[in-house]
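Student: Since chain A is already given, all that's left is putting chain B on it; use the hints.
Chains A and B are the protein sequences, given in the same order. Mapping the first sequence onto numbering that gives the first Met the number 0, position 191 (from 1) lands on 190, and the numbers just tick up by one. Mapping the second sequence onto numbering that gives the first Met the number 0, position 221 (from 1) lands on 220, and the numbers just tick up by one.
No lab work stands behind these hints: they were computed from the structure. Any given hint could be a false lead.
The list makes no distinction among identical chains, and a pair is therefore deemed to hold if it is satisfied within one copy or across any two copies.
[What the hints assert, rightly or not] Below 30 Å or equal to it, Euclidean Cα-Cα: the simulated DSS-like pairs (lysine-lysine) are: (1) 1 / 291; (2) 1 / 171; (3) 171 / 134; (4) 116 / 267; (5) 289 / 204; (6) 116 / 134; (7) 204 / 116; (8) 257 / 171; (9) 267 / 171; (10) 72 / 171.
Number of protein chains: 2
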Amino acid sequence: MKIGIDMMGGDFAPLEAVHGIRQYAGEGGTAHLVLVGDEGQVAPLLPGVPGSYEIVHAPETIGMHEHPTRALKEKPRSSISVGFHLLATGAMLVGSLYSLKPLEGILRPTISTIIPKEGGGTGLLLDVGLNSDCKPEHLNQFATMGTVYAREVLGIATPRVALLNIGEEEGKGNLLAQAAYPLLRENASIHFIGNAEGRDILLDKADVLICDGFTGNIILKLAESLHGIAARNASDNPYFERFNFEEYGGTPVLGIAKPVIIGHGISKGRAFKNMILLAQKMIYTEVMQKMKV
Amino acid sequence: MKIGIDMMGGDFAPLEAVHGIRQYAGEGGTAHLVLVGDEGQVAPLLPGVPGSYEIVHAPETIGMHEHPTRALKEKPRSSISVGFHLLATGAMLVGSLYSLKPLEGILRPTISTIIPKEGGGTGLLLDVGLNSDCKPEHLNQFATMGTVYAREVLGIATPRVALLNIGEEEGKGNLLAQAAYPLLRENASIHFIGNAEGRDILLDKADVLICDGFTGNIILKLAESLHGIAARNASDNPYFERFNFEEYGGTPVLGIAKPVIIGHGISKGRAFKNMILLAQKMIYTEVMQKMKV
Numbered sequence: 000m001k002i003g004i005d006m007m008g009g010d011f012a013p014l015e016a017v018h019g020i021r022q023y024a025g026e027g028g029t030a031h032l033v034l035v036g037d038e039g040q041v042a043p044l045l046p047g048v049p050g051s052y053e054i055v056h057a058p059e060t061i062g063m064h065e066h067p068t069r070a071l072k073e074k075p076r077s078s079i080s081v082g083f084h085l086l087a088t089g090a091m092l093v094g095s096l097y098s099l100k101p102l103e104g105i106l107r108p109t110i111s112t113i114i115p116k117e118g119g120g121t122g123l124l125l126d127v128g129l130n131s132d133c134k135p136e137h138l139n140q141f142a143t144m145g146t147v148y149a150r151e152v153l154g155i156a157t158p159r160v161a162l163l164n165i166g167e168e169e170g171k172g173n174l175l176a177q178a179a180y181p182l183l184r185e186n187a188s189i190h191f192i193g194n195a196e197g198r199d200i201l202l203d204k205a206d207v208l209i210c211d212g213f214t215g216n217i218i219l220k221l222a223e224s225l226h227g228i229a230a231r232n233a234s235d236n237p238y239f240e241r242f243n244f245e246e247y248g249g250t251p252v253l254g255i256a257k258p259v260i261i262g263h264g265i266s267k268g269r270a271f272k273n274m275i276l277l278a279q280k281m282i283y284t285e286v287m288q289k290m291k292v
Numbered sequence: 000m001k002i003g004i005d006m007m008g009g010d011f012a013p014l015e016a017v018h019g020i021r022q023y024a025g026e027g028g029t030a031h032l033v034l035v036g037d038e039g040q041v042a043p044l045l046p047g048v049p050g051s052y053e054i055v056h057a058p059e060t061i062g063m064h065e066h067p068t069r070a071l072k073e074k075p076r077s078s079i080s081v082g083f084h085l086l087a088t089g090a091m092l093v094g095s096l097y098s099l100k101p102l103e104g105i106l107r108p109t110i111s112t113i114i115p116k117e118g119g120g121t122g123l124l125l126d127v128g129l130n131s132d133c134k135p136e137h138l139n140q141f142a143t144m145g146t147v148y149a150r151e152v153l154g155i156a157t158p159r160v161a162l163l164n165i166g167e168e169e170g171k172g173n174l175l176a177q178a179a180y181p182l183l184r185e186n187a188s189i190h191f192i193g194n195a196e197g198r199d200i201l202l203d204k205a206d207v208l209i210c211d212g213f214t215g216n217i218i219l220k221l222a223e224s225l226h227g228i229a230a231r232n233a234s235d236n237p238y239f240e241r242f243n244f245e246e247y248g249g250t251p252v253l254g255i256a257k258p259v260i261i262g263h264g265i266s267k268g269r270a271f272k273n274m275i276l277l278a279q280k281m282i283y284t285e286v287m288q289k290m291k292v
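Bound-form chain A, shown alone (with noise of 0.2 Å):
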C-alpha cells in the first residue's frame, strides 16, 4: 500500500509531517510512505526517521491566498499539483477535483468531518464547505455518500441519517431542506430518521447529518473552537477534550475515485499520524469505490 503525503501544506510545513511519519512508523504502520515536496526542505529532517519512505521532488509552493485552479496550472510543480499527479493522498480540496474526477453518478464530491457526541461516539457531519450552495438531489447524495463512510470506516452498522433543519416536522426549514426532505424519505440507500435540529448535532439522535456546505461549515468551526475555549477557560471536561480535531487527522472527500484527505493548516504529528492511518483504512476497506451509485 502506497500513500503519499502532501509535505509543503499546512502552518508546520514540513516539520510536522515528519514528526507524524516517525509517530506512524514508531506504532508500526507498514504502508510505504510517498513524501511530495521541497527535497531540499524534507531531506535533511529524515535521518533517523524509521519507515518506508521516498521523497518525490516538489519545488513550487501555492499559497493559503492564491487563487486554486489557477495556482494549480501555473505551479504544476508544487507539491499538491505532483501529489494528484501521483493520486496521491492528504492534499487539498479544489485539487482533489482538479485532478480526480467524480465516481460515476455523483454530482458533486463532499467533505465530511467527525462530531464527537455528547453520549461517547462519534457522528459525521457533511457537506463542511465543499458545496456552499446545493441543490436537493445533492444534499440526497451526500446521505448516501455519509451513510457508506458510516457505515464502512465508523463502523456503524445502519448509520441513522437525519437532515439538519431548523424544525422537528417535515415542511420546515428554508427552500432546500423543504425540497430535499422528501428525496431522502425516498432514498433507499439509507436510513431516514427526519430532521434534526442544532441542539441535536452533539447528541446521539443521528448517525450522519445532512446540510449544505455554508451551514456544515460553519457549524464545523465554531464546534473546533470549543476545544480551546474550553481548555483556556481551565474547564476539565473530558467531553470538550473531544473537539481537538488532531485526534480525527483530517477531512476526506468523499465521492471521487481515490481517496483523498484534507488536513487542517494547523495540524501537527499527530494529526499527520491519523490522517495516514485513516488513509490506510479507507483503501483497506474500499470504502470510495462503494460510494458509486
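Tutor: Frame of chain A, contents of chain B only:
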C-alpha cells in the same frame, strides 16, 4: 409603562410566568403588567404576588403544532391573539408579523439572539430563524437593525458588524454571502469589519453577526445545547455557564413598531423576569423607532 405577558406560552404555563412576575416586582420593577391568559388558571396563582397587574381573559390555547396564521384567525380569544390586539409583549413569532406591521422601509422583521463571548462581553447574532431564505438586501437591513439594537440595548457605542461566512476574504461564501458583502461594505449606518467564520462566533471579533435565519437558528440551538452539555459533564467551566439562555430572557422581534419578545418554550421564572426587564429597556430606549430606514 404597560407590559403585556402571554401567560399561556411555554411548557410551564402559567406557573413560571407568575414566578417571573413575582421576581420582577420583588426586585423593584414598577411597570404595570397586563397578564393575558385563561383567568381560571391564572387568577388562583396570584394571591400574595406583589406588583401592579391586571388579567385580560383569553380562554383559547394555540398549540405548538398548529398552523400559526390559521390558528390566530380561528382562535381570536387565544392569549396570543388577544395579546397582540393589546399590542402586548412576550408573545409568539408569527403573531407579531400577523398583527404588527413592519416598520416603514423594513423588508423583513428579524429575530436575534445574544451570544456570550469568551472575553466576557455579549454579541448579537441575527437572523436566528424568522427568515430561513434571505436575499442580500435582507441581510443588509439585519445589519442596520442589529447595529441599532446593540447600541441602544446592549450599550455598545460603535458595534462592529461582520458577515458570517466560510472564509475571511471578500468573494468567499455562498451566493447570498458573496452578494451581501458589497452591500454591507457600502452601508453607511453600520461599522462593517468584513467576514467572520464559525470559529469567531464565540470570540470577540465582532459585536453583530449577520446571517440567514436557517444558519442562525442552527447556531442558536447548538449554542443553547452547550450549557446542558457542560452541566451534565460536570464541568466547572464558568464560560459555559453563560450559555444558560434563561439569563437573556427572550428574543426581541426587530423591525416592527412595538417591542415584542419571544420566550423559549422552556422558560422558567427567571427568564420571564428578564423578558419583562428587557421589554422595559426597549421601551425606555425607544430602540424600535430608531430602526426606521
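Student: Hint numbers the structure violates, sorted upward?
Tutor: Per hint list: single violation, 2.
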